[in-house]
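Okay, here's what each chain looks like letter by letter:
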Amino acid sequence: MSDHPSTYQPGSAIERWLDTRLPIVRFGADLMTFPTPRNLNYWYTFGGILAFCLGVQIVTGIVLAMHYDASGAGAFLSVNRGIMRDVNYGWLIRGLHANGASMFFIAVYLHILRGLYYGSYKAPREVLWLLGCVIYVLMMATAFMGYVLPWGQMSFWGAKVITSLFGAFPVIGKPLTALLWGGFAVDDPTLNRFFSLHYLLPFVIAAVVGLHIWALHVPGNNNPVGIEVKSKADTLPFHPYYTVKDLFAISVFMILFAVFVFFMPEALGKVDNQVMADPLKTPAHIVPEWYLLPFYAILRAIPDKLLGVLGLAGALGVLFALPWLDFSKVKSMRYRPTYRTFFFVWIVACAALGWCGSQEPDGQIIKGFAGPIFIDYDINSVTWLSRIASLYYFAYFLVITPLLGLIETPLPVPDSLFTPVLSHPAGVPVGAAAAPETKG
Amino acid sequence: MPRKLFAAATAACLLSMAGPVLAGSTQAPLKDDVHWSFESPLGMYDQAQLQRGFKVYKEVCSACHSMNLVAFRNLGDPGGPFWNPKYPNPNENPAVKAIAKDYQIADIDNDSGDAIKRPGTSADYFVPPFANKAAAAAANGGAVPPDMSLLSAAREGGPRYIYSVVTGDGADAPPGLTIPDGKYYDPWMNGDVSSYYKGDPHKIPVGGFIAMPPPLIDDRVAFDDGTKATTKQEAQDVAAFLQWAADPKMEERKQLGVSVLIFLLIFSGILYASYRQIWSKVGHG
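Heads up: the protein sequence lines correspond to chains A and B, in order.
If you're matching positions, the first sequence starts at 1 in the working numbering and goes up one per residue.
If you're matching positions, the second sequence starts at 441 in the working numbering and goes up one per residue.
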């Protein structure tokens, strides 16, 4: 699609003048006329929704920073007294920002699941996928540091637990944590550097989003059928067809967002964070925000601290490796029923990990039943469920995906985007569509 | 079918992550014999109840509990206990000024530079009962009474937790449970009493110990509106007041939320109609 011809005609003398110097209007116009597969469903609206989320976070965050005091003594007060009580609509701006983080993650998870399901990570879109993975990691880092800023109990102790993880590395562990903390404990310097980075990273994310969109516009969108666009008849200009569809989806998403912000603003938070950070008082149960829970469960599932940290990093790392782990030429799981089943089990495993991450490690799965202890934990415990789910999480990427790519016989794939709707042909030869595309 | 499965699996995934957290400590199921006007999605505060609750706070709780995030003027903010539409600027609200005047505020005399005490104004904040944490701990058997500004937001169950703990405080110890000196047993206090229990290990009592003596009794305060001051009434009212203290913008939030939702529903409808209209001439593929 990179050869999508520009149809922009400068309409005025000033536009012609600008077009020969900085063709920025042409750039925007070409984005709007970009040929987009006409069969994209609502799962494809999350890209637009995510851009909206990033915008909301940046705008609300800039205003919050105007009223925020990044100091151990002042942070909690500036948030809970200043912003929440005295700043005009401060409660709304913070409500949007704090709930916006969760909304952002809901959208990004659905966006990632969509990419996995329709095989959007496969050639020629590997770089697009990798950039998406980078954005996701940056989002987690940003969200984690943002959660520290109100300097409540869970902010402080969450920061302590997560930063201490870096201490697990041999040799560099200790100096690395000292660098993160800016001292020998989580304290004012930690808060200050987290604030600085929390303000910086969203702009890095925005830049990588720019690359992500660039990388999208080279091969063009994947689509639910998972075969490449063959002709102009398969596509529609992005505007107005997908601008209006994305806007509708964003508007519906805003309804969900508004329900949280206005009617249950604390539902996704932790009550402990309404207590000011106290380095001498450990909360009974330290848990990260919901969107980090599956990784937290993987971390705790592994008995060794260093291996646990590596497991956590590996859980993200396999996402980066995925384009080279899936050998199947068929992109969409619509035509890969076996793989699809394993994929749904993988979603269940991720949900189980999320649940495990929120529970005490020795909590019982079946209440009142004590099983044998195996590797430090009762086999009827949250830890063992996390272990099994973690194992499946990794096996899905490292064993099931490569193996099924080689042995699974996919269903017949249609040979063009438009035929499935028009005629639903049966028995189209698999090879017809499975041939790799020659774009590039 | 796969699409539906996908959607269902995704929903299950999200729902499970929002699940409650299992704590190591225990407590009795919160009491459900009272209801508050603000509990429903559109419910607002009951101003008379907030005023009664404030009286309980002022005459009972504030002897030990600070409320550092709340200024006197906040009492006269919209949705607050003494909000009066005649005084849109809460600093001018006579009820607020009268309350503030009764407090002595530490200040510096402008002329001499001496440390002085002066009567409070609407702009001042509630005065903490103890000079610092150490003093608070020393006066309360080692336990620091928590600040009450956000107490209701800082406990699972919010006002219901406060109501249950306050009315459950000083419960009789079940057989086998030894109550440590200076503590009280409260089945609704989130805690762990197992190390003080010498009975059937399968029947460890729920709840925890609390350093606060049972704070409320019948007629502990005299309500100005003539409401009978039963323990239950006092507890219910002070829980409502503390919920307001923790979430003073709730009324503004819910009111704006209704408008926003109505707007978004209409806006989404218009966008959907536009979408259908724009796509009506082309196939979805």
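FYI, nobody ran anything at the bench for these hints, they're computed from the structure.
Treat the hints loosely; a few may be bogus.
Simulated coverage check for chain A against chain B, where a stretch passes if three residues somewhere in it have a Cβ under 8 angstroms from a Cβ of chain B [unchecked claim]:
hint, stretch
1, 84 to 96
2, 236 to 243
3, 250 to 264
Here are the computed lysine-lysine pairs in the BS3-like style, where the Cα-Cα straight-line distance is at most 25 angstroms [what the hints assert, rightly or not]:
hint, chain 1, residue 1, chain 2, residue 2
4, A, K281, B, K573
5, B, K498, A, K367
6, B, K623, A, K281
7, A, K230, B, K721
8, A, K160, B, K557
9, B, K638, B, K573
10, B, K557, B, K573
Idealized CB from N, CA, C, for every residue including glycine.
How the hints compare with the structure:
1. 84 to 96: holds (count 5)
2. 236 to 243: Since 3 is at least three, the answer is holds.
3. 250 to 264: Our answer is that it holds, as 9 residues pass the Cβ test (under 8 angstroms) against chain B, meeting three.
4. A:K281 x B:K573: Within the cut-off at roughly 13 angstroms; holds.
5. B:K498 x A:K367: violated, 45 angstroms
6. B:K623 x A:K281: Within the cut-off at roughly 20 angstroms; holds.
7. A:K230 x B:K721: holds, 21 angstroms
8. A:K160 x B:K557: violated, 41 angstroms
9. B:K638 x B:K573: violated, 34 angstroms
10. B:K557 x B:K573: holds, 21 angstroms
Violation of the numbered hints given earlier is confined to hints 5, 8, 9; the remaining hints are satisfied by the structure.
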